[in-house]
Every structure is written in C-alpha cells, then in structure tokens.
Amino acid sequence: MEKTIIKKFSWKRWVVLFIILLLLGWIKIPYYYSQPGMAEPLTEMVHVDGSKKEHSGTFMLTTIQTAHATPLLAAWSYLSPFRSLHPAPEELTDEEYDERQRVMMEISQDNAKIAAYTASSHGRVNITNNGVYVSGIVKGMAAEGYLESGDVIKQINGQDVKTAEELLEVLSSYEEGDTVSVTFRRAGVAKTESLTFAKLPAREGEISKRAGIGIQGPLTDRTVTFVPDVEITAGAIGGPSAGLMFSLEVYQQLSSENLTKGHCIAGTGTIDEMGRVGPIGGANQKVVAADDEGAAYFFVPHQYGAPNSNYVEAKKAAEAIGTEMDIVPVDTLQDALTFLKTLPEKTEGCSKRS
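Numbering (full-length UniProt numbering), first residue to last: 1 to 354.
There may be inaccurate statements among the hints.
[Stated by the list, open to error] Here are the simulated BS3-like cross-link-like pairs (lysine-lysine), alpha carbons at most 25 Å apart as the crow flies:
hint, residue 1, residue 2
1, Lys261, Lys53
2, Lys154, Lys199
3, Lys139, Lys28
4, Lys52, Lys315
5, Lys341, Lys53
6, Lys346, Lys261
7, Lys316, Lys53
8, Lys139, Lys154
9, Lys191, Lys261
10, Lys341, Lys261
11, Lys28, Lys53
12, Lys52, Lys341
13, Lys315, Lys341
14, Lys52, Lys261
15, Lys139, Lys191
16, Lys199, Lys139
17, Lys162, Lys191
[Said to hold, decoys possible] Derived Cβ-Cβ restraints for the label pairs, each shown as a range:
hint, residue 1, residue 2, range
18, Thr347, Asp49, 48 to 58 Å
19, Ser173, Ile321, 28 to 38 Å
20, Asn126, Ala306, 29 to 39 Å
21, Thr347, Asn130, 43 to 53 Å
22, Glu148, Ser121, 33 to 43 Å
23, Ser181, Gly150, 17 to 27 Å
24, Lys341, Thr128, 32 to 42 Å
Just so you know, the hints here were simulated from the structure itself, not pulled from any lab data.
All of these numbers come straight from a predicted model, not from anything done at the bench.
Note that CB positions come from ideal geometry on N, CA and C, so glycine has one too.
Use the sequences and the hints to build the structure in full.
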C-alpha cells in the first residue's frame, strides 16, 4: 500500500512539474531575449542590373536571434555573456514592433543604396519625400485613438512635413496645452485630426519636461529610384543594422570592383544617406556569429572613439572567444572602402569554424 501511494505521488509530481515548465516557457514577460544569429552572404540578397557577380570572397551581414522573452528564456540568458534581455517597448505590441523593424529595414536598404551610388559615381539616384511614417503611438497621449502605426503624416496646421526631421522641428515649436491639426493618409485616404500637446512620459531616471502628441518612432516615408536599378531581398531579417554591409555589396556590384579580394568579410552598423555609420545593438553577439561562419574581418561602428562604443564591445567579445578575426572600426562607408583597398589578394575561400 505504501509503495502504491509513493508511486502515485511521484507521478502527480512529474505532471505538475511538466505543467510548470510549460507555463514558464509560454508566459511572456516585458522583455526581449537575444542571442547570436547568423552571418549570411549578401551576393544573392543584392542585385544591381548589369552586375556579373563574378568576384571571389564575400560580404556578409550579421544577425541576432530575438524572441519575446519567457521566464525560461530569461533564466537561459544568464548562462552566457552572449545572451541578453532587453526591456520591450511599452508603447508597441509585438505586431507593431515587427512592423517597425520591417520599415526600418526598408529605410536602411534605401540609405545603403543611396550611400553606395553616391560614393561610386556609377549611377543616379532620385528621391521624393512623401511624409512621415508613424511606427507607434505613446499610450495615454493625444494621438492614441486617432493616429495608428502605418499612418503617413503630411501636414501640421497646414504646413507640409516631408521628413521626420521636419516633423520634429515643427512640433518642437509647440508647448503643453497647444492644439494642432494633423493631416495624414491611412490606406490611401486623407484624414485630419486636432490633437492637444501634453507632457510626455518621463524617460527612466529623469523628470519629464517635454511635451508632445505621442508619436512613436517617426520615420521618413519616401520613394527612391535608381539607375541602374538595384534590389535588396533580405527575407525575414528586420531592423537597420545591416546598412553598412548592404552598401558595400551594392558598391561592389555597381562599380564591378572586387572589394573583398577573396576574403570573407562580415560586419554591422547602420548607415545614413551620407554614408555615416551608426551604432547598433548586440555587437558582441554578432562577433560570435561572424566568427562561426569563418569571417576574417569584422566591420563595426567606431562611434568616433566613444568609450563604450560598439568597437570596444566587439573587441572584448573577440578576446573572450579567442578569435583570430580582425575587428575593424569604421565611422563612414569611406572608412570601410579605404580599409578594403589595403587588403592583399587571397585565393582560397571562407571556411566555417563551427
């Protein structure tokens, strides 16, 4: 009788434990989890009309894998310095976050193309700014219930705003209690709403002194055409951090120069239309991804020597994993191009390390 009771108790205990583990792996907490992703060749993602793609070597973008965190993933993140947790944006749903990442990737691709075409002098670029894309709304602010993610703002009080910079400049002239009319397009239909400025939620560690209507992450909506035409197909990869590497691959195909000289070159960094390289998240994780795929060089934002730059983070990661991969700091596309000209020719291809 005693043995039977013990067996039944043990069986029930395992069922309860299984249910607890299931819940810990399913319940979402207000954080995103990330870990090293992949280093992926850009040759097939980028296509410039007329390019032959006969170069040896390869440029690779680097990614991190992200997911909405659960208690199990949170615990898992503490077992390695290359796994991390980041607070989820309170103003965005998972769907809005994914949409913002998609739009930021599109803008990053356009910036990469523009920077490469401008630097190479082998093509022409035409840009038309259409307004300001709304990527999210701050909860509790005036825009909530009136504007939505995906709207394109065209005017403030009848004044045209064609870029995110213009919108922010116009809005900065208003104070708490002021009311403005906002004209925007949603699914091709023009709408106008009156919104009143209120004090914005305070950022962590500060007392809010800013006023606004609650537009989250404004981005310039634009139409860009290129001659010759160029396409970038990145699949499910989101965000702006591949900008630098996209620009290098576009430049190589546009100019027909063998920039890699047979080397396997990975990297990360945002890029703007002027070719300036900006900081990204997860530099240490991307070093791991690049090393796993056999990269010999890794471009990373230098941030003009800032003490906590992506370059410093990447150097520490490289030392931690004992890689022979060279970490190359850059502030501009031209910095990367200048470095590439110093590389010796190499005949053998990349070899994956893991």
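Here is what the structure says about each hint:
no., hint, verdict
1, Lys261 - Lys53, "13 Å, holds"
2, Lys154 - Lys199, "23 Å, holds"
3, Lys139 - Lys28, "20 Å, holds"
4, Lys52 - Lys315, "35 Å, violated"
5, Lys341 - Lys53, "19 Å, holds"
6, Lys346 - Lys261, "6 Å, holds"
7, Lys316 - Lys53, "35 Å, violated"
8, Lys139 - Lys154, "22 Å, holds"
9, Lys191 - Lys261, "53 Å, violated"
10, Lys341 - Lys261, "9 Å, holds"
11, Lys28 - Lys53, "44 Å, violated"
12, Lys52 - Lys341, "21 Å, holds"
13, Lys315 - Lys341, "22 Å, holds"
14, Lys52 - Lys261, "16 Å, holds"
15, Lys139 - Lys191, "21 Å, holds"
16, Lys199 - Lys139, "12 Å, holds"
17, Lys162 - Lys191, "16 Å, holds"
18, Thr347 - Asp49: 48 to 58 Å, "29 Å, violated"
19, Ser173 - Ile321: 28 to 38 Å, "50 Å, violated"
20, Asn126 - Ala306: 29 to 39 Å, "35 Å, holds"
21, Thr347 - Asn130: 43 to 53 Å, "48 Å, holds"
22, Glu148 - Ser121: 33 to 43 Å, "41 Å, holds"
23, Ser181 - Gly150: 17 to 27 Å, "20 Å, holds"
24, Lys341 - Thr128: 32 to 42 Å, "34 Å, holds"
The earlier numbered hints that this structure contradicts are 4, 7, 9, 11, 18 and 19.
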